[in-house]
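2 protein chains.
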Amino acid sequence: MAEPTGSKSVPVLKDLTIDNITENVVRINSQCSDPRLRYIMERLVSHLHDFARETRLSFDEWMAGIQFLTQVGQICTDVRQEFILLSDIVGLSLLVDSIDHPKPSHSTEGTVLGPFHTHDAPADENGFSISADPNGEPLLVLCTVKSTSGEPVEGVKIDIWETDSHGKYDVQYDDRGSKADGRAVIHSDKVGVFWFHAIVPVPYPIPHDGPVGKLLAKLGRHCWRPSHMHFMFEKEGFDHLVTALYIRGSDYETSDAVFGVKDSLIVGLDTVTPEQAKQYNVKEGTKLLAYDFVLVTDKETKQLRHEEAAKAMKSLGREEGMTIINGVPVPDVD
Amino acid sequence: MAEPTGSKSVPVLKDLTIDNITENVVRINSQCSDPRLRYIMERLVSHLHDFARETRLSFDEWMAGIQFLTQVGQICTDVRQEFILLSDIVGLSLLVDSIDHPKPSHSTEGTVLGPFHTHDAPADENGFSISADPNGEPLLVLCTVKSTSGEPVEGVKIDIWETDSHGKYDVQYDDRGSKADGRAVIHSDKVGVFWFHAIVPVPYPIPHDGPVGKLLAKLGRHCWRPSHMHFMFEKEGFDHLVTALYIRGSDYETSDAVFGVKDSLIVGLDTVTPEQAKQYNVKEGTKLLAYDFVLVTDKETKQLRHEEAAKAMKSLGREEGMTIINGVPVPDVD
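In order, the protein sequences belong to chains F and L.
Quick note on the UniProt record's numbering: the first sequence kicks off at 1 and runs consecutively.
Quick note on the UniProt record's numbering: the second sequence kicks off at 1 and runs consecutively.
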C-alpha cells in the first residue's frame, strides 16, 4: 500500500473507505515539517472523523454545517468576532484558558476573554473614570495586585472593559468611531493598588442576531451573561491573566451563556465608607467593588503547565514518542 | 449541583474546570427539543473538548484557529466555497459521502462533490458538446446507466461538469457571467444510454490562493487533483449518486489532494472505432471514455444505511437509548 518518498512512506490514496480514511489522511499530513502542527492535525482529523462516524453524519447535515460556518465567518468584522462567540458558547474558550493558564490554589482564576476586548483603550492614571454613561449607577472599583507570596506587585498593566448601562460595549454602536468608552488601561501603584470610577455592570445578551444566536435558540438556551467586569493583567515575569469579576446575585449567575462564571470570581458589592467617599472623591452611598487579585509567576505557570501536559499524555497512553516542549506535547522527530 | 427546571435538570454553571466542562456543556445543550441535534452537539462538544485536552491547545494556537476559520469564511462567495474545500482536504467530504451513500458491491461508488457544481448547466440532448474550449483534446463520452439487477434505467437526470484545458472551471473566470461552459444536464435514453462530446480532462490544482492552500503548503502537501470528470445522477426511486471518473495514468492518481480517487472509478481512455466515429459524428482517432454506471435503489440504500448505523452504535456501546431513524441514530426522548 505504501511507496517510499524520501525517508517517508506516503500511502497510495486510491481506495479510501469509512474505515481506512483516517489513518491515510493522518499519514499524508505526516509529511508536515512542523511536528507540533502534525500532532494537532492528527488529533483534529481523528476527532472530526470519529464525530462523523459516530453520528452517521448525513450529507444534508454536513451541508448545514458548511453553511453555518460560512455564515459565522461572513458576519465577522474588525469589531465582531463570531467564531470566538461560537467557541465561547460551546465551552471551548473556557477550556483553552484553563489549559493554557493553570492556576495554583490561592491565585486568581482566569476566565473567557470574550470578543469585546480592543487595543485602543485610553491609558490613564488611578482615579480615572472609565465610563461616560450618565445613566449608569456609579461604582468605585478598588483593587490590589499581589504575588502568590503576598507581595504587592507594582506597575502591572491592567486592561479593564465593561458595557454601558444598556448592556452594550462601545464597539457595538455603529457611530463609535475611534472614541473608546467603558475601557481603560491603568497601572498598579507602588503598593499594588489600582482604582477607578466605573458603573455597576448589568447583565447583557451576547450578540444573538447572527448564526451563533440562532444556534443558541435551536438548543433551547438563552443568550445572557450575568453582570461582570473584564480585567486583563500583564507584567513581565508574570503569567498573562484574563479574568472577570461577577456581581453576586446577578441574573444568569448560574447559567452564563459562555460558561465564564467561577465561584472565586463572584463578588458582592459593598457601599463606600464616609472615609472612602472622601478619599476617592465619590458621593456617600456609592457602590464599591473591592477585590484582591493574585498573579502567578511565569515560572510557576510553566511548571504547572508542564506537569498537566505530562499527566494528559500519560492518561492518553502517549508518553512514548512525545516530549513536552513549552508546556505542550510535541511528537519526537523520527 | 443540579436544580430542576421543568422536567429537566439544568446544572449550576459556576465552577467549570478542564475535567467537568464537557458534561456540563452537554447537559445545558440537552435542553434542545430536537433529539438528533442534541446527539450531534453531544458528540461535537465531546470531540472538540477532547481535541483541546489531548493537544493541550494553547491560547495562541486557538487564536490561530479562530483567525484561520474566519479567513475561510470570508473568502467564500457565491462561486467559491472554501469550507467545502477544507472539508475535502481533511477527508471529511469523502467520509460523509461514504456514510450517507453506502454502496452494495457491483454498484458504482460515489466520491467527493467538490465545490464546483452549479445549478445552471444547460439541459440538452444526447450528443451535446459540453465544452466550448478549442484547445481541449476532443473526447467522446459513451455511457450506460443500469440498476443493480442489470436493467437499463431510462430518464435519469445526469449532471456532468469538467474543467477547460487549462484546468479551470467556468466559475473560476471573473467574466463567466451566466454563460455556463464545461457543464451539461443530459438524460439517459430508453436503453439507458447517454453520450456527449467533451474534452479530455486534465489535472488541476484546487484553489490554493486562500487559507486552505496555505494550510496544504504548511502540511507539505501538494494541491493537485488527477484528471477526472464529475457526474451526478438523479432519478426518483434511486439513491442520489455523486461520483467522478478518473483517467488512468494521470499525474496525482495516487495522491489526490481531496481523497476522491477509487480504483473502481479509474478508467483507461480508448480510441473510437471507425463505426463509432461515424455513428457519433467524431473524427477517427478521437479519444473515447466509456463507462457503465450502476445505480442503487433508495430501498437498498436505506436498508444498508440502517444496518451500518446500527453496527456503529453497537461498536460505540450505545445501542440502548438510541433508535435508528432514516438511517441515523437519534436518542430516545426521556
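No wet-lab data here; the hints were simulated from the structure.
One or more hints might be untrue.
Same chains, same label: a pair holds when it works inside one copy or across any pair of copies.
The calculated DSS-like cross-link candidates involving lysine-lysine, where the alpha carbons are at most 27 Å apart (straight line), are [unchecked claim]:
hint : residue 1 : residue 2
1    : Lys179    : Lys314
2    : Lys218    : Lys287
3    : Lys103    : Lys214
4    : Lys299    : Lys283
5    : Lys302    : Lys168
6    : Lys168    : Lys278
7    : Lys218    : Lys157
8    : Lys299    : Lys103
9    : Lys179    : Lys311
10   : Lys302    : Lys146
11   : Lys14     : Lys214
12   : Lys214    : Lys283
13   : Lys179    : Lys103
14   : Lys168    : Lys14
15   : Lys146    : Lys14
16   : Lys311    : Lys14
17   : Lys235    : Lys103
18   : Lys157    : Lys314
19   : Lys146    : Lys299
20   : Lys14     : Lys103
21   : Lys287    : Lys14
22   : Lys218    : Lys14
23   : Lys168    : Lys190
Just so it is clear, the structure is predicted and the values come from calculations on it, not from any experiment.
Hint by hint, here is what the structure shows:
Taking the closest pair of Cα atoms, Lys179 and Lys314 never come within 27 Å of each other, the shortest separation being 50 Å inside a single copy and 59 Å across copies. Taking CA atoms no more than 27 Å apart as the test, Lys218 paired with Lys287 passes in neither setting, with 39 Å inside one copy and 54 Å between copies. Taking the shortest Cα distances, Lys103 and Lys214 never come within 27 Å of each other, neither inside one copy (35 Å) nor across copies (36 Å). In this assembly of identical chains, Lys299 and Lys283 lie within 27 Å of each other by CA distance neither inside one copy nor across copies; the values are 43 Å within and 78 Å between.
Taking identical chains as interchangeable, the C-alpha atoms of Lys302 and Lys168 are never at most 27 Å apart, the minima being 36 Å within one chain and 50 Å between chains. Taking identical chains as interchangeable, the C-alpha atoms of Lys168 and Lys278 are never at most 27 Å apart, the minima being 31 Å within one chain and 75 Å between chains. Taking the shortest alpha-carbon separations for Lys218 and Lys157, neither the intra-copy value of 41 Å nor the inter-copy value of 36 Å comes in at or below 27 Å. Taking CA atoms no more than 27 Å apart as the test, Lys299 paired with Lys103 passes inside one copy only; the shortest distance there is 12 Å, against 57 Å between copies.
In the homo-oligomer, the alpha carbons of Lys179 and Lys311 never lie at most 27 Å apart, since the shortest distance is 47 Å inside one protomer and 60 Å across protomers. Taking CA atoms no more than 27 Å apart as the test, Lys302 paired with Lys146 passes inside one copy only; the shortest distance there is 19 Å, against 65 Å between copies. Proximity of Lys14 to Lys214 under the C-alpha cut-off of 27 Å is restricted to the inter-copy arrangement: shortest distance 24 Å between copies versus 40 Å within a copy. For a Cα distance limit of 27 Å, the shortest separation of Lys214 from Lys283 qualifies neither inside one copy, at 44 Å, nor across copies, at 58 Å.
Proximity of Lys179 and Lys103 under a CA criterion of 27 Å is satisfied in neither setting, with 35 Å inside one chain copy and 61 Å between copies. Proximity of Lys168 to Lys14 under the C-alpha cut-off of 27 Å is restricted to the inter-copy arrangement: shortest distance 23 Å between copies versus 54 Å within a copy. For a Cα distance limit of 27 Å, the shortest separation of Lys146 from Lys14 across copies, 24 Å, qualifies, whereas the shortest one inside one copy, 61 Å, does not. Taking the shortest Cα distances, Lys311 and Lys14 sit within 27 Å of each other only across copies (25 Å), while inside one copy they are farther apart (39 Å).
Within a single copy, Lys235 and Lys103 get their C-alpha atoms as close as 16 Å, which meets the 27 Å cut-off; across copies the closest is 61 Å, which misses it. With identical chains, the CA atoms of Lys157 and Lys314 are never at most 27 Å apart, being 37 Å at best within one copy and 55 Å at best between copies. Proximity of Lys146 and Lys299 under a CA criterion of 27 Å is satisfied intra-copy only: 16 Å inside one chain copy versus 70 Å between copies. Proximity of Lys14 and Lys103 under a CA criterion of 27 Å is satisfied inter-copy only: 17 Å between copies versus 49 Å inside one chain copy.
When the C-alpha separation of Lys287 and Lys14 is checked against a cutoff of 27 Å, the pair qualifies only between copies, where the shortest distance is 24 Å, while the shortest distance within a copy is 69 Å. Taking identical chains as interchangeable, the C-alpha atoms of Lys218 and Lys14 lie at most 27 Å apart only when they sit on different chains, with a minimum of 23 Å there against 40 Å within one chain. Neither within a single protomer nor between protomers do Lys168 and Lys190 lie at most 27 Å apart by alpha-carbon distance, with minima of 34 Å and 66 Å respectively.
Of the hints listed earlier, those the structure fails to meet are numbers 1, 2, 3, 4, 5, 6, 7, 9, 12, 13, 18 and 23, in rising order.
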